[in-house]
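Participant: Sequence:
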Amino acid sequence: MDLESKISSLKNYVKLSTQDDREAAHKNEESSNSNAEANGWWGTISNKAQEPDPWLPGLSKTQRIVGFFMSLLLGMFCFGMAAMLIPFIILKSRKFVALYTMGSIFTLGSFSLLWGPYHHFKHLISVERLPFTVTYFGSMSATLYVAIFVSIL
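full-length UniProt numbering applies: residue 1 is where the sequence shown begins, and numbers increase by one.
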């Protein structure tokens with residue numbers, strides 16, 4: 001078999017993508033996405049968990065899930081350490097506030113990793129959630145400011 005016949009058989013084997021092939025692939029992708037959403041492990045969140053995030057496009061689904069659980073465990077650890085300081089809250093209020101705030105940031109970051117930061121940010125600033133988001137971050141910022149910069153006596 002000479003080189004030209006090998007090349008022609010290879011060209012027959014590997015078709016170049018045409019517009020019809022692209023449309024068929026797009027239709028298959030849409031039907032698989034709807035099936036994944038209906039039958040997926042994440043339910044309606046499956047599309048958010050599978051879409052590449054514009055801010056972290058290189059993370060796979062497995063990396064997102066591992067990052068979610070790691071960040072969630074760190075958040076729970078910080079909340080647990082803050083809970084141990086509750087009896088001493090008058091004496092060690094700055095440590096309590098720092099640990100509680102870090103726990104909140106880690107927990108919020110875990111869901112950001114799971115959904116993708118861009119999608120999670122869009123969700124947080126959506127019209128129906130915006131008042132709660134502003135209140136949450138405002139109270140967290142005010143608590144940190146008072147604990148760090150305002151000295152009582």
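Hints in this document: simulated from the structure, not taken from any laboratory.
Being a predicted model, the structure only gives us computed values, none of them experimental.
Among the clues, some could well be false.
Claimed, not checked - Computed beta-carbon distance windows for the label pairs:
#1 K95 with L73: 38 to 48 angstroms
#2 S60 with V150: 16 to 26 angstroms
#3 R94 with F69: 40 to 50 angstroms
#4 T143 with P57: 17 to 27 angstroms
#5 V127 with P54: 14 to 24 angstroms
#6 V66 with F121: 31 to 41 angstroms
#7 P52 with K92: 38 to 48 angstroms
#8 P52 with M81: 33 to 43 angstroms
#9 W55 with M140: 37 to 47 angstroms
#10 M70 with E128: 28 to 38 angstroms
All residues carry an ideal CB built from backbone N, CA and C; glycine is no exception.
Participant: May I ask which of the numbered hints given earlier this structure violates, with the numbers listed in increasing order?
Facilitator: Checked against the structure, the hints that fail are numbers 1, 2, 3, 4, 6 and 9, while the rest are satisfied.
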